[in-house]
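The hints should help you fit chain B onto chain A, whose structure is shown.
Taken in order, these protein sequences are the chains called A and B. For the first sequence, the positions run 1 to 668 when the UniProt record's numbering is used. For the second sequence, the positions run 1 to 420 when the UniProt record's numbering is used.
Bear in mind the hints are in silico, worked out from the structure with no lab data behind them. From a predicted model like this one, the values you see are computed outputs, not experimental measurements. There could be a bad hint or two in this list.
Just a sample of chain B residues kept apart from chain A, beta carbon distances all over 12 angstroms, derived [to be verified]:
(1) 26
(2) 34
(3) 37
(4) 46
(5) 219
(6) 233
(7) 251
(8) 266
Which residues of chain A face chain B? A few of them, derived with a C-beta cut under 8 angstroms, are [what the hints assert, rightly or not]:
(9) 55
(10) 468
(11) 474
(12) 484
(13) 651
(14) 655
(15) 659
Cβ atoms here follow ideal geometry from the backbone N, Cα and C, with glycine treated the same way.
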Amino acid sequence: MPRQTYWEAAVTFGLKTLLVAVTMLFANLASAQDLSPLQTLLQEHREILEKSSRRTIGPAIDAIADSGLDAAPELLSRWQNKELWQREEDGLFFYTEDAGKDAEGAAQLRLIDIGDGSETGLAPKSAMDQLKPNSGIRGMIGAALVRFQLSSPDAAERIEALDAISRDPEASHLAALSRAIDNEPDAAIKARKERQHRLLQIRFAEDTATRIDAIESFAGDLGVDVRAALNPLVVTRRAVAETLPEDPDIAATLTPGSAQLTRFEAYDMLVKEGLAPPLIDPAAQKAALEANIDGGAVAGIPLEELDSSAARDRAYAVLVTQGAVEPAATLAQIDAILGAHVFYERYTAAEPRVVASALATLVSIDRSVAINQVIDLVLDALSLGSIYFLAAIGLAITFGVMGVINMAHGEFIMMGAYTGYVVQLFIPDYTLSIIVALPLAFAVTFAAGVAMERLVVRWLYHRPLETLLATFGISIALQQLAKNIFGTQARPLTSPDWLGGALVINDVVSISYIRIAIFVLALLFLGLFLLVMNRTRLGLEVRAVTQNPRMAASMGINPDRINMLTFGLGSGIAGIAGVAIGLYAKVTSELGQDYIVQSFMTVVVGGVGNIWGTLLGAGLIGFLQKGIEWFNPSNTLAAQTYMILFIILFIQFRPKGIIALKGRAAEA
Amino acid sequence: MSDATLAPRRPRFMLVDKPSVLIFLAALGILTLVVTLLSDGMGTGAISTSFVKTLGKTLCLCLVAIAMDLVWGYCGILSLGHFAFFGIGGYAIGMWLMYERTRLIVEESLAGAVLPPTPQEVSDAIAVQIFGVVGASEFPPIWALAHSLPLQLAAVVVVPGLLALVFGWLAFRSRVTGVYLSILTQAMTLALSLYLFQNESGLRGNNGLSGLQNLPGLDDVPQATLSLWFFWASALALALGYLLANWVVSGKFGNVIRGIRDDEARVRFLGYSVEGYKLFIFTLTAVIAGIAGALYYPQAGIINPAEIAPIASIYLAVWVAIGGRGRLYGAVIGAGFVSLVSTWFTGGQAPDVNLGVYTIKWVDWWTVLLGLSFVLVTLFAPKGIGGLVDLITERRAPDRHGADLGPDQGSFREDEASKE
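So that you can see chain A by itself, here it is in the shape it has in the complex:
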């Protein structure tokens, strides 16, 4: 500096002063233009807005969000949508709209004031800069916006904001949400807000006591979101040491070779920690030996002898002593190494007190989930049982009451389902078509049943095994016929809208309306059957013919007519069952086949000749199948296998079914 002259210093000072003065003037000019408070705010943070970096943008977003200005939420959301532009000339911010092209063909934008939304004229696009927040910044803006959405006057928007929070919770939501609870007018949304608030507390609350309170408030809650919040708290990390540390965050010790920790995994951990030499697998060992072949031998052992793992281990050990290969543990040494260490899991996500309360809460949640799963299972089993009951009730009439085994029963079910499909081709209204299809299916299969009884079954009443075979012949003919007419692909039988969807009781228990409808239908048929059998002339005559045809005939009953009607009735009910089953299963030519064995099982297990037996049988089989599926949910094939085995064993103990006829009727 000593060489610097006074002049130079004075000019430098003057220029600087001038610069400052001009800047000041400019700023004053800008404010003199009467900027809106929002614009002023943006100008204050103009630099970081222009820089638009995720790391530095925070204060700007906070300032806007905290400004309390009415226009702030709109600014944030427009900014987030990349609709905020800056005029290059003076740095002012505007919303824009595309305003076509000017006379020279250059694109231009219509400027809209950010303060009051009024139009402030046109500007060429080239004179404007678009603010392009990257995805990180957009996320931050979104988090800031949540606060406004949470107290938006529009209820739908508040719910949307809550959905957004539960989808992707962040620490910043916690404060926003706690401020938005008190002024919530809608009770349901308020409850949701409080719940979401507690969930956020579990994740993000700084204070341990608050966290624990929040965790414990969810004891027994079935929500999936609660488990999603709690499970990260109890994650564990595996660790290994020579002796078990005394820390309070040890979750469990693991035994190598158990389901949680295989021996190889355990050994892998040791290798990673440097506590054991790497394990050499047979392939690598073989490669190492092959690389060290020396004149037809490896380490002095002739190649021919290396055809067992013991010999290879020996050769490898020699190579190790020669220094030709890295030392490695063989399979035989693993056990000793594993035995010298202890494997354990430790909680890593939170401090022990939080983990403990999370664990306790999870246990109570698991308990109530289990209870609800049992309820769900019972509902499932009831619905499956009622399907079997529907499929079997017709069979119970023909097989149980008449002693005629009808292998074509399944095909009658199929005929009913196809009737429903054909009706829907003509009547597009689903509700109406179902109402038409039910009696029509009954009529079609009733006619088919009567025809079969007249043409085939009545000639074989004294030869039950031949009835079985003859009706089987009809069954394969009908099945192939359906295939020829309708093709092999599944046909839709669509249920009306009011049967769509499910009755959701809570997050675990739900049941589709169609299953409820089938359950109701099954009850209806039970009532109908009892009514017909016990309260009508027809029922009386059927019972008489069943018990003693000759005596019935001598009392003036025509057994032929009764047999025909009974068979028709059984077949007709199969047709209606077909419509019901077709509503939720695919209608194919194999539809009946899928149910025939289960239907027979239902009748046989329940006891022949008794409708209550059929009901019990259907219930038993439904519960059994669902129960077995519950133990092994991935494998429905296995469930069916075990169920059939169970039935075979069951027949051992009650050969005549659950409700066995006694006395003379049993011998008939």
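Chain B only, in chain A's frame:
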């Protein structure tokens, strides 16, 4: 029934005590000779290798039909599960065929390696080859004996026999009879096929076992010759099976089982252990079915769980019923006739029938025809095709009092029957 009880005593050491047996054996012998002479394997080529295989398979089906006839036509147990035993026989032999062939291939490929393979490596490589398709690479325990032909051959007999013994003991002990038993046997075969459909069964799930037509170590022998060998073996098995069945149903034992068919209670009151007889027949026929399966599937080349679905066993009953149950040659005729005609129709060889408005394609309509003809046979010709033979014999010998009243009516005395 009448021939055995009323015929004069013949020396018991003669297996052949009826003309039908001689006729059957002669016919089988001629068929074998003709097929052999005309086959590809002998150079003439009038009968293609695939048709020799079809004939060989048909003979196996005839054998299992004889088993079915024994258990149903003679003993009155309508088993709808005998194809399960047939399938088990096929699986048992198929396991060895597949293991051994894969082992040879694997050993051949490993022979070029620098180090001789360890037993573990060989076994792993075989397992990967066989079970890669179901995503496993280790041998399930059920394959423990697959390396040994004698043990697997024993399994062909022992496994179906044991299964039938246990199942039959449980069923007969609790006096499950008639249609109940039919449904129970159907449930058994359904359970087995569902079980085998799972990959966890260890028998390759729905892929089944394949490549069975190649005998290990006999790659040089052309299929034409192999098919002939199997044809001979099937013919021999059928002949022996026929003789065995004929021996079982003649004499006092045969009378007892027919008595059980006609009136189980009456036989029981006479002091016979009905359950023992039924169990013996059930187990014996299961073993025969297992042997038939073990001969059938190497000719078919592939076995999968669909083969033992309940429908297969019902078809078996259909064959026997159409052929004529209660007579051994009836079963053979039924199985042979229906399965060959079925092959003809479903193979697309039958000419389509053009009705003007609709063309009947037999591939689609054959099953309908089979089902309906089956109903007609049951209704109008309960004796089946075999009943035609009666027309000839009755012409020679006039109808006597006390003649056979047919399988299910035999318990009726003559005067009762005339009143029905």
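Status of each hint after checking the structure:
1. 26: holds, 32 angstroms
2. 34: Residue 34 of chain B clear of chain A: closest Cβ-Cβ about 33 angstroms, beyond 12 angstroms.
3. 37: holds, 38 angstroms
4. 46: Check passes; 34 angstroms lies beyond 12 angstroms.
5. 219: holds, 25 angstroms
6. 233: holds, 32 angstroms
7. 251: holds, 26 angstroms
8. 266: Nearest chain A Cβ is 15 angstroms from residue 266 of chain B, so the label holds.
9. 55: The hint is violated - residue 55 of chain A has no Cβ within 8 angstroms of chain B, the shortest such distance being about 48 angstroms.
10. 468: Holds, because the Cβ-Cβ distance from residue 468 of chain A to chain B comes to roughly 6 angstroms (cut-off 8 angstroms).
11. 474: Holds, because the Cβ-Cβ distance from residue 474 of chain A to chain B comes to roughly 6 angstroms (cut-off 8 angstroms).
12. 484: holds, 5 angstroms
13. 651: Constraint on residue 651 of chain A satisfied, holds at 6 angstroms.
14. 655: holds, 5 angstroms
15. 659: Because about 15 angstroms separates residue 659 of chain A from the closest Cβ in chain B, which is outside the 8 angstroms limit, the hint is violated.
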